[in-house]
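**Q** Next come the chains, spelled out residue by residue.
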Amino acid sequence: MPFESLSDRLQMTLRRLTGRGRLTEKDIDEMMKEVRLSLLEADVNYKVVKSFTAEVSAKAKGEKILKSLTPGDQVIKIVHDELKKLMGDEAAGVNYKVSGLSTFMLVGLQGTGKTTHVGKLANFLRERDGKKPMLIAADIYRPAAITQLEVIGSQLGIEVFQLGTNVKATEIVQKGLEYAKSKGYDLVIIDTAGRLHIDEQLMDELKDIVNIAKPDEVLLTIDAMMGQDAINVITSFNDLLPITGCILTKLDGDTRGGAALSIRYLTNIPIKFIGVGEKLDQIEVFHPDRMAGRILGMGDVVSLIEKATATIEEEEALKLAERMQKGSYNYNDFLKQIRWIKRLGSLKGILSLLPGVGREIRNLDIDDKQFVYIEAIINSMTPEERKNPDLLSMSRSRRERVSRGSGRPYQEVNALIKRFEDMRKQFKALAGIDFEKLEQNQMPTNFPKMAQTPRKSRGKGKGHGNFRF
Amino acid sequence: MGIFDIFKSKAKRKEAEKYRIGMEKTRKGVFSRLKKILGSYNEITEELFDELEEVFVMADIGVDTVVEFIDELKNDPRVRGLTSAAELQPIIVDKMFDIYLKGEIVNSNLNFNPNGLSVFLFVGVNGTGKTTTIAKIAHKLKSEGKKVLLAAGDTFRAGAIDQLKIWGERVGCEVVTKPEGSDPSSVIFDAIKKAKADNYDCVLCDTAGRLQTKVNLMNELAKIKRVISREVPDAPHDTLLVIDATTGQNGLSQAKAFIEATDVTGIVLTKLDGTAKGGIVLAIRHIYNIPIKFVGLGEKLTDLEYFDIEKYIYGLFAEMIDDEE
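Keeping their order, the protein sequence lines are chains A and B.
Letter 296 of the first sequence, counting from 1, is numbered 381 in the working numbering, and no numbers are missing.
Letter 259 of the second sequence, counting from 1, is numbered 261 in the working numbering, and no numbers are missing.
Please note that the accuracy of each hint is not assured.
Unchecked claim - Pair by pair, the computed Cβ-Cβ distance ranges are:
| # | chain 1 | residue 1 | chain 2 | residue 2 | range |
| --- | --- | --- | --- | --- | --- |
| 1 | B | Asp200 | A | Ser239 | 29 to 37 angstroms |
| 2 | B | Asn221 | A | Lys299 | 43 to 51 angstroms |
| 3 | A | Gly242 | B | Lys37 | 23 to 31 angstroms |
| 4 | B | Ser42 | A | Lys182 | 46 to 54 angstroms |
| 5 | B | Asn221 | A | Asp166 | 35 to 43 angstroms |
| 6 | B | Asp192 | A | Asp366 | 47 to 55 angstroms |
Since the hints were derived computationally from the structure, they do not count as laboratory data.
No experiment lies behind these values; they were computed from the predicted model shown.
A virtual CB, placed ideally from N, CA and C, is assigned to each residue, including glycine.
Just chain A, with the same shape it has in the complex (with noise of 0.2 angstroms):
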């Protein structure tokens, strides 16, 4: 696969080395490579990949990984220190005026998501911070822009201010500025036209409204998905401006993002936020420490615990893991933690932020339909069969009469019915053990694996050979 994780590479270099005993520095330069190619496939900066890799390298030469029982992990666990180090450990704020109205601006090249997130944005601080935010529209060039942002408003019911686009873009601005003191808004975002770092003309009307609205964040936004030219876009737009900080985008897709690391290592200018999704709410602050664990494709254990313990009642949840450790675990039971599940988002991002699940899932088709699947399966049994699980285990034609009451093949009940058995029987098994533990570890890891069966990938030939990867 084209996106083999760094545990997975350097895990292939180990099993190549096994048998020989200790590892030798010839053996530590090996796996440097790895790190290396992993480092570049997430589109770190070439530059910063070399200047990186010598650094882990001679710390990894240390006598004490040399003599170690697990030297693989023992390099993961450097390169992912030495990462978090350079990435920063805390997230950065933002700067508001300390009264009055607080203005920032985002800018960036075309098509990286600039005026979705001004949207975003203003909501996010709207209920974060309580601010009182409106929104400028600025794009006087791209066809739309502001009927766009005028949708993103009213979705949100925060104002949009603009003049259409045969007025300049410093005009709006000004004008737009003027609007909000008199209206007492206490944050103005400005929405500005994509635009090439090199355009001179375009750069200069973005240096004319900084010098008005003198912004007190400009943050740039840069597409996640973005190859080695990043730095290029970075250091002329902060050449440029004055530029406050990051939002990278698009970061719910597969990308690995090195694009994070190149600004961290090669500017000093802060990642703040991070986008999500399509929708509305989907922006985060940006945690430096978690990023680090993308690129190497170790996921984020943090976020997903943070992600649960938000969305998952913690009394419910009690209630359940009592059942559980009972052994009187229930399909009603079953039923709800695949309803939490749902409220945490994306199954396959879910997964992705369990370590140790990367490499399979990244070639799964997982779909999250699957669990609308499993809701009509449950949702076809009898309150009876649902709270005595036994019911349904011993009689075929229930299970006949589950299939076709759900629309669903009978050789999928009988998989959902046969895993289902299996965990009841794990978590007997696990009667005793620690609640907390459980919740964190049990549970996420149980049931995607009922929920995948693995689907046959659609599509013909192309795409479908055995790639040298």
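Starting from the structure of chain A, add chain B where the hints point.
**A** Only chain B this time, still in chain A's reference frame:
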């Protein structure tokens, strides 16, 4: 020199000028380093290969493709006998052509339906320039005398329908629309029906940008494609994946997923007028066999060219050629 002789005729050079201007920054950025590197080594050493690798990786050519390329270069019998680094240059260029051409004749024209309506579908991740590309291609086809209809199949992103409508007015093309949130397949269905009734030559179908990891949205694309094939046999005659030249290694994942969902037949490489090299498309051709059909070189309607590998490579290596004369 062989390969560069192509550019020695005046006419060819003039044609290549546009690429040259569009890719000026590209050329100056990274590929001019190639010459410098070759010039700074007297002999062929491992370090030289490392530096070459850097040049190609910086152009976003896929990491595996580069590694393979460098390996092949090292083991090329022509290289083994060489004594000076400068002699490597024609072999490198030659091999660049090989990566793309693979010994085939690659046609970058659109596949028109000889028996009537041609349907072209545009797909890609968010923000690569699908809608703008459609406008540019509509403009091109219209100037070639075709009757062109646009289908506003991006019913999801706020303002996308209006964006295409405005382009439609500028180009002078009708645009079939439905309200935001409608089923994109039904918009495209309506457009095809209208195109058949009013004797259009081609329909260009816009779709919403989608990240390739969203299974449901990829299924939606597959459905759009089914609807099109049902209405016009053998359609869509081309399914073009629009890729932003700034895209890094993720371009491979995009190509793979979109090929699976829609049998992509060609690539449109947009925003090549920046400093990004768009090298990932070479890897896409290398690995998935999909040719590049168009390149976008600016924001104007006329800033679109049929892809021509000779010109592309000319754009990348132009300084070297000039210096030789």
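**Q** Can you give the numbers of the hints that this structure goes against, from lowest to highest?
**A** 3 and 6
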